[in-house]
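Asks: The hints should help you fit chain B with the ligands onto chain A, whose structure is shown.
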Amino acid sequence: MSELVYEGKGVIVHIKGPVVEAEGMRGAKIREVVYVGEERLIGEIVRIEGDKAIIQVYEPTGGVKAGEPVERTGEPLSAELGPGLLGQVLDGLGRPLEVIAEKAGGPFITRGIKAPTLPRDKKWQWTPLVKPGDDVVAGDVLGTVPEGSVTHKIMLPPTIEKAKVVEVLPEGDYTIEEPVVVVEHIGGKEEVKMYHKWPVRTPRPFREKLAPVELLVTGQRVIDTFFPIVKGGTSAVPGGFGTGKTVTLHQISKWADADVVVYVGCGERGNEMTDLLHTFPKLVDPKSGKPLLERSVLIANTSNMPVPAREASIFMGITYAEYYRDMGLHVVLTADSTSRWAEALRELSSRLEEIPSERGYPAYLPDYIASFYERAGRIKVQGKRDELGSVAVIGAVSPSGGDLNEPVTQHTMRYVGAFWALDKDLAFKRHFPSINWLRSFSKYTGGLREWWIENTGHDMMAYRDKAMALLQRASSLEEVARVVGEAALSDENRLVLLSAELIKEGFLVQNAYHEVDTYCSPKKQALLLKTLLEFYDRARPMIDAGVPISRIAEMKSLGLLRRLKFVPEEEFENAVKEAIAQLEAEISSLLAEVR
Amino acid sequence: MSVYGLTYKGIDQVKGPLVIMRGVPGAAYEEVVRIYSEDGREWFGQVLEAGRDKVVIQVLGDTEGLDSNAMVKFTGSTLKIPVSDEMLGRVFNGAGEPIDGGPKIRADDFRDINGAPINPAKRDYPDEFIETGISAIDGMLSLVRGQKLPIFSESGLPHNEVAAQVARQAVVPGKAERFSIVFAAIGLKYDDVLFFRRQFEEFGALSRSVLFLNLANDPVIERITTPRVALTAAEYLAFDLGMDVLVIITDMTNYCEALRELSSAREEVPSRKGYPGYMYSDLASIYERAGRIIGRPGSITFMPILTMPGGDLTHPIPDLTGYITEGQIFLDLDLHNRGIYPPINVLPSLSRLMKDGIGPGKTREDHKEVSDQLYAAYSQGTKARELVQIVGEAGLSPREKLYLEFARRFEREFVAQGFRERRSIEETLDIAWDILSILPEAELTRISEKTLNKFHPKRRIAARAEGE
Ligand SMILES: Nc1ncnc2c1ncn2[C@@H]1O[C@H](COP(=O)(O)OP(=O)(O)O)[C@@H](O)[C@H]1O
Ligand SMILES: Nc1ncnc2c1ncn2[C@@H]1O[C@H](COP(=O)(O)OP(=O)(O)O)[C@@H](O)[C@H]1O
Ligand SMILES: [Mg+2]
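Those protein sequence lines, which keep their order, are chains A and B.
So the first sequence is residues 826 to 1420, counted in my numbering.
So the second sequence is residues 9 to 476, counted in my numbering.
If we strip away everything but chain A, and leave its shape as in the complex, we get (with noise of 0.2 Å):
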């Protein structure tokens, strides 16, 4: 947030929640930052009429007055980008947790606290890539600092479009205020330091976007291979409450093939912000070896805190993630909930009384959403390189009263490449992830099969089709069986059930809190699922050789198939081999039993 104060300060003449109405504004502009009133509350300019100025207030209002002032900044809301972003927890506009407690001399959050995101006094350990008289264009790097888990690029920011450099700081350690670089170009010297500001509102330039193609690993079995994402990808989890949409997020957080994952608690609970903060530390980045709290940034702007800041914290997010791409990484922002972000947009709309559309919601409300997903994809980044970056995004719904009609799931829905619609029956039968295999979608799989060849050495999407035709099959015998009982089907079908329902509990279900299922990879994947399909092969000869389907389903061996996704990955080779022969032995005796 810029401290640049205007002259002129107007003067406001009404307060209405996070309202706020001033006079005395002309010149200023549409969405410039302002400071309202004695304690200098943050704020932002919604509307314009005449010399009078519309400001919804990110902080609380309780004890403003007519006659306060309001000052300007000119400035847009604005991400702070640079080194000492990855570990840290942010509140909606960007500040520090940390340092509000500091602030506030205690647990609980006060007002108009001013807290820059980056620290202004840790030193980074610069290595220049650029000399006096190269030529640089935006996103060129510069040097680099290591940060956390990445080596983070300082890149001449989008705003220079052209430069000859002119002097360079040597090797060492600096704070992000010294200017490490200074550049000319035709508008003069200008100093660059290793962070620049960005408004949140505009997306960050890139040179071409490409079509997202490689598979975005989350170790979750029937996200990667029934309804897949991918890198640059986006993703809703629409769901009612205590279906799983937070678990599935932190899921992906947790163990995503990404570079940075950037987290945005957007009007949700206090303690899962809490229990991210107790977990990320004590996790480590299989890629980097490092505490995963040091690829990740969090943004917690809870249910109890300022509704308006929700509806920034969204795009800081998105802002801090498209940073981190147009380095050249993977990144993933997850974001729970987009419905209470929505609705901090509907509260606003109404309370500036425009006309309501679907269920109070604005007319705008689908360009909104989608201006948000298109901030996702794979890029080629700015600059004389030749990188690619991306960002995925993946958005939880929470439709009122579970219902996905409604106005958020259904307009989110024509904007994403997946879609992971939870279901609360699965849900109350702890069928977790509760992702129901009939409603929901991923674009992405045709895209894929050479991915899982190349990388497993299994055609997976093969045994995706395969699972999902004996799912399909299996869901319109339970219409029957719902009516005639399961015992009225033919042994034939009752075995198509039990083969569904082996498919199920061994590898839809998976236990985020079990120390080895809560991670799957695609190999674990794939040869439990071609070996779970074995068994309505292997099974299905009994059936016509007349062993009475209540034997087949005693069989030991079809628990230790239920089972097999428990087994770590060293072991999983080894335990598929003897559940295949213990298999086999069973078959074999109840074969000359019926003999």
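Note that these hints are calculated values from the structure, not bench results.
Hints may be right or wrong, so weigh each one.
As the list claims (entries may be wrong) - To spell it out: a stretch of chain A is covered by chain B in this simulated footprint if at least three of its residues, at any positions, have a beta carbon under 8 Å from a beta carbon of chain B; those stretches are:
#	region
1	885-893
2	1098-1104
3	1244-1255
By construction, the Cβ of each residue, glycine as well, lies at the ideal position given by its N, Cα and C atoms.
Replies: Frame of chain A; chain B with the ligands shown alone:
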């Protein structure tokens, strides 16, 4: 030009609970005002809109008798209540004034009833198991200290009994604690209040309790302040005095209805079923006051009770609540009608903080897996029961019959227990194994080999036989 302490004569308009004034340029947003009528009556109000030209005041209490000659005094402060340890053992109304005939509270401090959000980075993660002695809760919906876990009920169900039993029996095993209860009644009948009072008295907790009563015939508008006042007291007891506070607030449905009434008086655009669009955030500002704080000894464990209109879980009140709280305990009319106490239906119930509160060193190493298996098996059992309605018991497969039997025993032996019965977590888990062992081992897919070997009754017998 401040109007602090200034008194104005004359108001422009009274509109339901709203008072509109002009020419009060220095009124502060949310400041408290006192209004006096010529015949000496007094009202409390709060500034809803502060403008140079127009001020809108929300009046607490019935506005009947208010006229344009009233005097309005602006206090320059938000709504605050006095707090001190003298609150313990006392009874207050929904505005925080004593109603037990005792003396005024000598304030240690005055606190804003809206509190302030706890900084998420300063929360301590709740992970201490509270043993309530109720199997369905301890075994499958474990409560932890600092959790907000509501009871979703319907009128006629024994939610008061369940809450009172939790209050009476709850302990954190192996911990000495300074326990206290903050109880708030919102729009309740006096009978219900008496029930809780007698319960607290019976187990000797009355002197460690603070009661806030807004009865059915008390001002509707005070239903808005009651939970906030109660939580302000709870925060003081917990985070200033270091006590472990259990907050019981009943009935949150009456709170939500008061909120709806208020919103409609303000002519706001309603959301689902007429409730305001901001009800989610409003409820969150209440529920999120539960928890623990790093470096402070106390805690607020919050058990609000709400009745679901029409027993409908998707009604906005339980729906928005479930989106905020850390789970829910669902009471079921059908179980109640079949004589099961407590009538907890575990399937739509949930404790989100259970995972870190249980397991080795806290409860028992098999706890998580047993609980998962009970859920899976009971849901199969209820499915079988539905089928019986259609095809009769004879139409069931042997496997389905087994699950039907499982569901019966689960409800009668595991869920059902006495109002005064207290089961240890070991007893609870042992009962669970007893019932699970009627299922073939291949069905116990949520339980690992290791746990089966150690805890399955049949394997334990087999192991013992082998050892001999
Ligand atoms: N993959 C999973 N493994 C185990 N338990 C899960 C899983 N997903 C969800 N759960 C259970 O469901 C509960 C609710 O999940 P959560 O993600 O908080 O739901 P939501 O965000 O949709 O309200 C969790 O507390 C946990 O008990
Ligand atoms: N401001 C609002 N906030 C939340 N929900 C709203 C709001 N306005 C309307 N709704 C919801 O949308 C529904 C339909 O709204 P309405 O404006 O009456 O549209 P229609 O004319 O199509 O009925 C309402 O019943 C309510 O559930
Ligand atoms: Mg959630």
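Asks: It remains to establish, for every hint, whether it holds in the given structure.
Replies: Cross-check of the supplied hints:
Counting residues of the region 885-893 of chain A whose beta-carbon sits less than 8 Å from any beta-carbon of chain B gives 7, enough to reach three: the coverage restraint holds. Figure legend: the region 1098-1104 of chain A, annotated as covered by chain B; annotation consistent (5 residues with Cβ-Cβ distances under 8 Å, at least 3 required). With 3 residues carrying a beta carbon less than 8 Å from a beta carbon of chain B, the region 1244-1255 of chain A meets the three-residue requirement, and the given coverage holds.
Violation of the numbered hints given earlier is absent; every hint is satisfied by the structure.
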